[in-house]
Structures are given as C-alpha cells and as structure tokens.
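Put together the whole structure using the sequences plus the hints.
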Amino acid sequence: MNDILLTAAGLIVFAVALGLARVLRGADDIDGLMAAQLLGSGGIGTLLLIASATSVPGVGDVALGLALLAPFATIAFINVLESDDAEAGP
Amino acid sequence: MSTAIDAFTIVCVAAGVFFYVAGTVGLLRFPDSPSRLHALTKADNLGLGLVALGLLPREPSVLGALKIVVIWALVMLSGASTAQLIGRVLRRGRR
Amino acid sequence: MSIQTFLDIALALLVIGVAVWTIVARDLFVAVVAYVVYGLFLALVWIRMYAPDVALTEAAVGGGVTGVLLVAAGKRLDMSAIDIDRQKPSTTLAILAAGCSILLAGVLMIVILSLPAPAPTLAPQAAAAASGPGAGLGNPITAVLMSYRSFDTMLEKVVLILAVVGVWSVGADQAWGAAPAPFGPDRPYDALVFLAKALAPVGAIIGFHIFWTGADAPGGAFQGGALLAAMWMVALMGRLIELPRIDARWLRLALVAGPAVFLAVGIAGAMLAGSFFAYPSAFAKPLILSIEAFMVLSIAVALTMLVAGPPYRKGAP
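Residue numbers (this note's numbering), protein chains in the order written: chain A, 670 to 759; chain B, 314 to 408; chain C, 461 to 777.
Hints listed in this document are in silico derivations from the structure and should not be mistaken for laboratory results.
Heads up, the beta-carbon is just placed ideally off N, CA and C, and yes, glycines get one too.
One or more hints might be untrue.
Unchecked claim - Which bits of chain B does chain A cover? Going by a derived footprint, with three or more residues having C-beta under 8 Å, they are:
#, stretch
1, 325-335
2, 346-357
3, 364-372
This is how it looks when you write it as structure tokens:
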C-alpha cells in the first residue's frame, strides 16, 4: 500500500516536472506564474501522499506551510509583473 | 473492512493522479495561456481533492484528518483567487 | 531496485536539472521562478532524508521569501529588461570558472563518498547534552538550537538585524525615516483583497501553530516566523495594512526584541543557573518557549523588512 502511494507521489512529481518544462519555456512571463500555481498543488499532493506512506513526522505540517507559501509567491510575482504597467512603485 | 477502505483509497488516489496528469497534458497541448490556465487550475484542484479524499480514511486521528481538510480548503481558496488574478493579468495583455 | 530508490534517483536528477535551468535562464524573472522550483524540489529531498524541519525552512525561506525578495529587488533594479546575454564573460574566464567549480565539486564528492560507514558525528553528544539542560523538549533539533548551541542561534538573529540595517542604508538620504515603497498598486484587484482577507488570518494561526509545535514535533521559531512574515506580506500586498515607517519605535523594538530577550536570559543564566546561557532546569521549557516567542516576532519583522527594501520618498533621487 505504501509503495502504491509512493508511486502515485512520484507520478505527480513527474507530471509537475513535465508541466514546468512547458510552462517555463513559454514566451510569456505569465507562464512563470502558472509554474508557481502548478508547483503548489502538485507539491502539496506529493507531500500528503508521502505523509501517509512513510513514518516521517511533520510532513503534514510542511504541506500546510506550502499551502500558504504557494499563493504568497504567486501574488508577489503578479504584483511585480503588474507594476511593470503602472508607474507606481519604486 | 480495511480492504474496502484500502480499495477506496487506491481508487481515489488513482483518480487524483489521473487528473494531475490530465492537467499537465492540457498544459502541454492547449494553444494559448487562458486555456492552459484553465487546465491547470481545474485539473490540479480536482486532482488534489481526490488525493486528499483518498487519504482521509488512513489518518489515525481526527485531528490529522482535519489537517488534510484544512489543506484542501486552503488550496481551493487560494487556487480560485489566484486563477482570477492570473486571468485578469492575461486579459490586460502582456508582452 | 525498490520503488523508493527509483523515486529518489528520479528526484535527485530533477533537482540537478532544475539547478542547471536556473543558471541558463535568459530572463531574470524565469531564473527566479526556476530558483523557487529548485527550492521546492530540494524540500522534497530533505523530507526523503527524514529532515522535515529543514524541509519546512527550505520551502519557507529558500523558496518563498527569498524568491519574492529576488524578484522584487530585480524589479527595483529594472533588471528584467536587461538581457543577461549581453554581458558574456570571455572564454578563458568561463573555462577557468568551470574548472574550479568542477574541482571543488569533485573534491566534495570524494570526501562524502569516502566517509566511514557510521559517519563520525556529534549528534549523540548533542542530543544527550540537550536532553539534560534543555529538559522536556521532544524535538531534539529545537533542543540543540535553543540549549546546546543557544549562543549561535542568538547571533544568527543579530545577523538578521544587521542585514535589515544594511538594506535600509541603501535608500536615498532624504528618504531616511520614511516607509519603504508599497508592495503593489494602490488599488489592488478585488480578488486579491479577498484572498488577503481570507488567507492572512488563517495563515497567521498556522504560522503560530508551527512555531508552538516546534517544541515537540518538527517546526520551530524560524519556520513559524517565516510563515508569519509571508502572511504579513500577503496582507500588505492586498493593501489591508500599510508598511510602517522605518523610524517607528514599535518596529525597531520588535526587531531587536528576539536577540535582546535571548541575551537577557543568557546573562541571567550566569547568575541563576551557574553559567552563561544555562537554563535553570525547573524552568527550562517555559523559558525556551518565551524566548522563541520573541524570536518569532523578530524574525517575522526582519524578513518582511528585508523584502520591503529601503525607505522611499517620492521625488527623492
């Protein structure tokens, strides 16, 4: 059972890696934002599976932290891209 | 009884992984950024939701199960909001 | 080959691939995103090596906060418009640099691979020493940080303060005392305001939980502080609150509170518990937790001010 869960985790990591390759090679800076989004949900899914499959304590808390950090990073990147248009900012 | 739970977990996790892979395929194949965004957010949210659902019965304590639900709710909240934001940035036009 | 070994090898190759990508990226923005990706995969590696505390710190600081700091600093320098390609070094220099890097990596590899089978380590002594005076802590990492090596931990926080002072000193002279430039536009999108209103309070609670649970389970002051900093910045980006002026008294007090309390307890330990930075064994755990509480405050404030940058006054050169 644990092996099945770990294999699922590996498949998700693989899917994330493939998606990133496309997204980061895209012509647009926006694609970088989508990378953060993809990484967030993929990473959390992987961590949840690892938490359930192995006996390492605290992995659930890492997933919790990641659930907060992914939107934080995405919002920050959006802000930086946005202020390219507006004249506000440093 | 526990084999039924195991079967439930395997089915949910497998479905979740399927949706993650489907989301990636959409990312790779869709022609423009808004549709890629659509594939990304819908498929990944569904994928995570199914994986979380499948892992719920395996948690030894109610608190652990609650943690998974909180993570799920956070991802849904932030996923929906950031998808809106990315969509707006896309609509305003980027270089 | 078991599933775990296969996955570990795949993860290691992935980390190397993303690291190479960070270096060859043409555009600063893409390079920083790749760096954040690298941070996340590295966090997964830490988890596979049974180090969840390090994984959380890597994700929070290495991935989240540092990534945002780099992207904000790059924007401030307007470097995203600069083509990195235009500044190629000469071929001899490139070969020399590559040669030195390969030599260093090779030596490190040889050293690590030739370690004896149970590698020599201070861990048992540290854990033993920490479980004595650091009585009652279930998490050995926190015990080592706050008890066995408490002086080093305090000095790390002093370094953070010095970094903040360094960042502040980059601002224009006329701008000294003002608040740093705001994180984003004055009127952010409704979706962003909503997300900030919903996420920041929940995230603050979670950050506090991770700090509190660090006494007995993976977590701790630094991870909790980094998460609190991230949530504060989310609220700032949604314009729910404004950045403080850098000459605000509460800001400066909050910055030094952590190391100051730490130092005070350490000096008191010389009188009450026999030696500098010793804890009286009856009060060790509550003392450690109170020191950590102040450290969380200082870390959160310091990290946020580091990302916020130097003070800014419109019209100052």
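Hints, verified against the model:
1. 325-335: holds (count 6)
2. 346-357: holds (count 6)
3. 364-372: With 5 residues in contact (Cβ-Cβ under 8 Å with chain A), the coverage given for the stretch 364-372 of chain B holds.
In summary, this structure violates none of the numbered hints.
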